[in-house]
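Those protein sequences? They're chains E and R, same order as listed.
Take the first sequence: its position 42, counting from 1, is numbered 41 in numbering that gives the first Met the number 0, and each next residue is one higher.
Take the second sequence: its position 44, counting from 1, is numbered 43 in numbering that gives the first Met the number 0, and each next residue is one higher.
Since the hints were derived computationally from the structure, they do not count as laboratory data.
None of the values given here were measured: they were computed from a predicted structure.
Think of the CB as a built atom: it goes at the ideal place given N, C-alpha and C, for glycine as much as any other residue.
You may find that some hints are simply not true.
[Claimed, not checked] Quick partial rundown of chain E residues pointing at chain R, CB under 10 Å, derived from the structure: (1) G93; (2) R96; (3) G100; (4) L117; (5) R122; (6) Q129; (7) K137; (8) A179; (9) G183; (10) G337; (11) H340.
[What the hints assert, rightly or not] Which residues of chain E face chain R? A few of them, derived with a C-beta cut under 8 Å, are: (12) S85; (13) L134; (14) Y177; (15) A294; (16) P298.
[What the hints assert, rightly or not] Computed list of lysine-lysine pairs in BS3-like fashion (alpha-carbon distance at most 27 Å, straight line): (17) E/K137 with E/K175; (18) R/K116 with E/K175; (19) E/K137 with R/K116; (20) E/K148 with R/K116.
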Amino acid sequence: MRSALERGPQLRFQMARTGNRMNQHITASREIADPTRERPDASQDVVRLVDLKRRFGAMPAIDGISLTVRKGEILGIIGRSGAGKSTLIRCLNGLERPDSGEVFIEGREISRLGERDLQPLRRRIGMIFQHFNLLSAKTVEDNVALPLKIEGRPKAERLARAAELLDLVGLSEKAKAYPASLSGGQKQRVGIARALAARPALLLSDEATSALDPETTRSILALLKDINRQLGLTILLITHEMEVIRSIADRVAVIDAGRIVEQGPVWSVFADPQSDITKSLLGAIRPQLPAELAARLVPGAGVETILRVDVAGEAASSPLLSDLAATITGPFRLVHGGIDHIQQQPVGTLFLSVPGSDARHLAEVITFLRSRQARVEVLGHVADSV
Amino acid sequence: MSPILFELLLRSIWETVLMTAASGLISLVFGLPLGLALIATERGGIAENLWVNRALGAVINGFRSVPFIILLVALIPLTRLIVGTSIGTWAAIVPLSIAATPYYARIAEVSLREVDKGLIEAARAMGGNRWTIIREVLVPEALPGIVAGFTVTLVTLIGASAMAGAIGAGGLGDLAIRYGYQRFETSVMVAVVIVLIVLVCGIQWVGDRLVVRLDRRG
Numbered sequence: 000m001r002s003a004l005e006r007g008p009q010l011r012f013q014m015a016r017t018g019n020r021m022n023q024h025i026t027a028s029r030e031i032a033d034p035t036r037e038r039p040d041a042s043q044d045v046v047r048l049v050d051l052k053r054r055f056g057a058m059p060a061i062d063g064i065s066l067t068v069r070k071g072e073i074l075g076i077i078g079r080s081g082a083g084k085s086t087l088i089r090c091l092n093g094l095e096r097p098d099s100g101e102v103f104i105e106g107r108e109i110s111r112l113g114e115r116d117l118q119p120l121r122r123r124i125g126m127i128f129q130h131f132n133l134l135s136a137k138t139v140e141d142n143v144a145l146p147l148k149i150e151g152r153p154k155a156e157r158l159a160r161a162a163e164l165l166d167l168v169g170l171s172e173k174a175k176a177y178p179a180s181l182s183g184g185q186k187q188r189v190g191i192a193r194a195l196a197a198r199p200a201l202l203l204s205d206e207a208t209s210a211l212d213p214e215t216t217r218s219i220l221a222l223l224k225d226i227n228r229q230l231g232l233t234i235l236l237i238t239h240e241m242e243v244i245r246s247i248a249d250r251v252a253v254i255d256a257g258r259i260v261e262q263g264p265v266w267s268v269f270a271d272p273q274s275d276i277t278k279s280l281l282g283a284i285r286p287q288l289p290a291e292l293a294a295r296l297v298p299g300a301g302v303e304t305i306l307r308v309d310v311a312g313e314a315a316s317s318p319l320l321s322d323l324a325a326t327i328t329g330p331f332r333l334v335h336g337g338i339d340h341i342q343q344q345p346v347g348t349l350f351l352s353v354p355g356s357d358a359r360h361l362a363e364v365i366t367f368l369r370s371r372q373a374r375v376e377v378l379g380h381v382a383d384s385v
Numbered sequence: 000m001s002p003i004l005f006e007l008l009l010r011s012i013w014e015t016v017l018m019t020a021a022s023g024l025i026s027l028v029f030g031l032p033l034g035l036a037l038i039a040t041e042r043g044g045i046a047e048n049l050w051v052n053r054a055l056g057a058v059i060n061g062f063r064s065v066p067f068i069i070l071l072v073a074l075i076p077l078t079r080l081i082v083g084t085s086i087g088t089w090a091a092i093v094p095l096s097i098a099a100t101p102y103y104a105r106i107a108e109v110s111l112r113e114v115d116k117g118l119i120e121a122a123r124a125m126g127g128n129r130w131t132i133i134r135e136v137l138v139p140e141a142l143p144g145i146v147a148g149f150t151v152t153l154v155t156l157i158g159a160s161a162m163a164g165a166i167g168a169g170g171l172g173d174l175a176i177r178y179g180y181q182r183f184e185t186s187v188m189v190a191v192v193i194v195l196i197v198l199v200c201g202i203q204w205v206g207d208r209l210v211v212r213l214d215r216r217g
């Protein structure tokens, strides 16, 4: 695993306005290849996918995905709609069949199992859905107890377990209510309780918060994180929102056009995104150069030079800017940016403006920042004063 | 209305109710599974089998395209085989059931198709088999529509049973034709029409109440 800190300094000149990136090095450094080869303790893997492929007609939905979900972790898979996320997650419990490749669930290959053999396996895998998929004709407790009814458990046990789970998700008083009377967030809580009823080894979350408002989304994500910690439950979630990944995932895999373009620990991917798709998905939650400023950037030269400074880990927790001010002689200005905390790791992006008339001063600033493990990119110059 | 006519009216009501109830029950018992079979075997269904689906569809369409009065006569040999006679109330129940079953199967099919596919997926994801999906998802979720459709079928059967008078089945339709129309007994005609209105309204009212009670979709 190569992090941002280890990567050598490199000047990236880029015209932010046109998006004409000169170094489009997608993939490369992170664990794109089958990560299981690097780790001997593969027995701890709850899910292992090997070169999975699935096409619909001429369109490949999944085009060679290899992936591992380790016991107890939350793996987030992010991609735009149509990237193949839904097909991928459905291959894990046999709702969808891959054309080729292998799906190992707790060490057992399942992609060629018949429907009858899949049924007991699916009881080891809980699933929650974007639109909750609660049965409208059943009460909340009967919905939660349904997986146990399918398992053939006696009624008293089912109801006791349902009560326990409704307590866990904070909906005990709604046990006798019907789903239609619940809010979206409450419905998803019931969905989560139902998914946990049969004590699964893995929880699949299919855009579980995409139909919810931001506040409810936060509470549902907090609940999932709690469950992950308290029960040690392994969670694989798919989403198109980076915010979801940011809040609860341990590791993230970015998929585009049916392929994994990037994966790694969330803080590291956030600190140093490699692919354009990741950068664009991150755009929604990371500081971006204000649009009116970006529109005024020109390549050549100008009175001010705009730098993008990405910091992570130590660089982000040290007094970087005050040290910069103390070391260099000339002025500089913070235009925009901030430090975020992801998985307890500070990750930040700062946009600095340095007077452009003095090339030596600019070089000094860049050299100092790089010496402090920051990634510096000259975005361009502003012809007249900002 | 003379006491004799009144007694005839009571008997006719009973015959109509008997024909409607019996053939309604039979159409429910056979039509619902048939509707389920149509849904299950269609493309993307839980037991996809397009050949079976097409065959079932063709048979159902075949029966539904024959006018009831013709079916009534055409089925006489079958009726005789099953009931032993081709005349009377019980004999009318055979063609009535055979006409109502495919009719109800189509109505049930429509209700069952409206069940959200996501719910079926959820049940599959829980490890449910086809039977679980039918018992826990398809039927309970479609129940309001299944009941509403059954109400429609019963009302249609009341109308159809009037035609069964043609094979001596008795019932209100028969009474209205022979006494009300052919013997100019206006009071019988009026009484039959009133009874029919009350019957139909009653069935509809009970059906609607039931649907409201069953519908939890909010």
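Against the structure, the hints:
1. G93: holds (9 Å)
2. R96: Interface hint status for E/R96: violated (13 Å vs cutoff 10 Å).
3. G100: violated (21 Å)
4. L117: holds (8 Å)
5. R122: holds (4 Å)
6. Q129: holds (9 Å)
7. K137: At 7 Å from the nearest chain R Cβ, E/K137 passes the 10 Å test, so the hint holds.
8. A179: Hint holds; E/A179 Cβ to chain R Cβ min 3 Å, cut 10 Å.
9. G183: violated (13 Å)
10. G337: violated (40 Å)
11. H340: violated (35 Å)
12. S85: violated (11 Å)
13. L134: Hint holds; E/L134 Cβ to chain R Cβ min 6 Å, cut 8 Å.
14. Y177: Because about 4 Å separates E/Y177 from the closest Cβ in chain R, which is inside the 8 Å limit, the hint holds.
15. A294: violated (44 Å)
16. P298: With Cβ-Cβ at 51 Å, over 8 Å, it is violated.
17. E/K137 with E/K175: Cα-Cα ~9 Å, so holds.
18. R/K116 with E/K175: Holds, at about 25 Å.
19. E/K137 with R/K116: With a Cα-Cα distance of about 17 Å, the restraint between E/K137 and R/K116 holds, given a limit of 27 Å.
20. E/K148 with R/K116: Holds: E/K148 and R/K116 sit about 21 Å apart, inside 27 Å.
Figure legend: structure checked against the earlier numbered hints; hints not met, in rising order: 2, 3, 9, 10, 11, 12, 15 and 16.
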